[in-house]
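K.L.:
Going down the list, the protein sequences come from chains A and B.
If you read the first sequence in the working numbering, its first letter stands for residue 1, the second for the next number, and so on.
If you read the second sequence in the working numbering, its first letter stands for residue 1, the second for the next number, and so on.
These aren't lab readings, by the way, just hints derived from the structure by calculation.
Hints should not be assumed to be uniformly reliable.
Stated by the list, open to error - Derived contacts from chain B toward chain A, CB cut-off under 10 Å, selection only:
#, residue
1, S20
2, N33
3, T94
4, F109
5, L212
Unchecked claim - Cross-link-like lysine-lysine pairs, in silico, BS3-like; alpha carbons within 27 Å at most:
#, chain 1, residue 1, chain 2, residue 2
6, B, K42, A, K122
7, A, K5, B, K104
8, B, K164, A, K5
9, A, K122, A, K256
10, A, K256, B, K128
11, A, K5, B, K42
Heads up, the beta-carbon is just placed ideally off N, CA and C, and yes, glycines get one too.
Spelled out, the chains give:
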Amino acid sequence: MNANKIYPWYFSSGAIVLYLLFIVAPALLGIYYSFTDWNSYSSEKNFIGLEHFRTILAGDPTYLLFIKNTVLFTLVTSIAKTVLGLFLALLLVSGVKAANVHRMIIFSPQVLSFLIVGLVFKSLLDPNNGFVNVTLRSMGLDVLTQNWLGSLTWAMPSIMAVDTWKGMGYIMVLFIAGLLAIPRDYYEAASIDGAGFGQKLFRITIPMLMPTITIATVLNITYGLRVFDAVYVLTNGGPGNATDVINTAVYSSFAKGYWGLGSALSTILFVIMAIISFFIIRLMNRKVEY
Amino acid sequence: MRLRKRLASIGLNALAWLLSLVVLIPFVVIVLNSFKSDAEAKVLKLTLPEKFIFENYKIVYEQGHLGGSFFNSLLHSGASSLLLVFVVAFSAFTLSRNYSRLSKFLYFFLILGITLPLNYIPLMEVMKSMSMINSHLGMILLYTAMGIPISLFITYAFVSNIPKELDEAAIMDGCNGIKLFLRIIVPLLTSVLVTVFVLNFLSVWNEFTAPLYMLNTVEMWPMTLAVYNFFGQFSAQWNLVSADIVLTSLPVLIVFLIGQKYIVGGLTSGAVKG
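Only chain A is shown next, with the shape it has when bound in the complex:
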């Protein structure tokens, strides 16, 4: 049987053409633009070598802050979503009533746009009349009220909390699926041997969940490094530059007309993601061909 005749490669040409035009061409063009002084103030694009990269990595310290914020955001939200997701999953498979209802409620923010979630929390976290501060005040806990999105100390943690609130349901669903796949006999055998909750958790559940934990981590990291909507809607990078991440910095350099510089920032993100992707694709490959 001649496979080329029955499964001609050009069946995939539609996907390939669209992918090349809208994803690959801009990526390559972007790398080229990173080495030019392309901006909205002149019509020429002059080749300037590594100057933008020097500005970003060694020149202006604010750019390093954006990279640091991106990494911090990724680390904190990844850990928080994984831990909370696992906790919620364990709770919901432990035989609580109406587990499906809980699962649906906790998962639901995931299907909403971050724009909607962002606006909801923008109102809830308003320093004067927002739900959080109003509730704290009505309980007499005035000391705990904060300017959540407007203060240097609290803006970043607030964004991370909102993002975790939105994303933990997805990770929970992954863990529920993973937990249900663990054969029950393991736990029965362990119970007969007299193992307690903690022993079962650390000796059976977590080791058996390792593939799910890996995928959840990968998803969290790739999402975290690319974050844009969450920061843009909640603080737009403020106060000052305190909560700017790489992608909001790309957007503001685009808006200011510094297109070459914006492309260079994108390229740095691209390189980080490409290295991580290499490992992810290998992981996925192992998954498909079992």
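Starting from the known structure of chain A, arrange chain B on it as the hints suggest.
P.N.:
Coordinates of chain B only, in the frame set by chain A:
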């Protein structure tokens, strides 16, 4: 012992409800607020409105460009998801069946896009050169391209699980490649293609970054941009902003409730196998 077990069960149920409430309360506050008067909504509280004011929704609909942007969102989400299902079905079929080096390479090349960030500044240049900025066709094709990597990944694994003996039998009976695909494979792929459609529909509906870069006329805006702009104008009137948020989330929540099985199935596939 039995008492302890019952207490533990009550405790766990209470905890589950507490956590669900943490997720629900923000939405409840917004929904209640959307029915309040301007003055009453000034302070966001978890109280019932003195009088339910449905007028808010009418104002929001008229001033928020919601009719037009609803249509735009529907067009972008629906058309790109349909096109995506079409191109992904074809490519998953041929790439997963054909064991050549080229098809293997093409598969990895295409799913690489799952993780790589989109570079919007040069993308604008590319789309400009094809006169696709501020155009529905441009947005639809862009969203289709953005959906290809993850959809292909999900569908590819699914096709691999269809036994190849089916193909052989069909070919013995005189099917060629395209007939085999349309008559045998596509019917078996229906459920995964529905998943791809629903997942893409939602992600395009929620998309905010691409329109922010690519669309600069109000007539072209999807609901996300319309809401963001509405918030910019009416940020002091929380009853209106809340009504706007409710109206915009409704379509998504309806799709979620209908397509729940497919959404959760699609998001977990690949994560728990192996």
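K.L.:
Starting from the hint list further up, note which numbers the structure goes against and sort them upward.
P.N.:
Checked against the structure, the only hint that fails is number 11, while the rest are satisfied.
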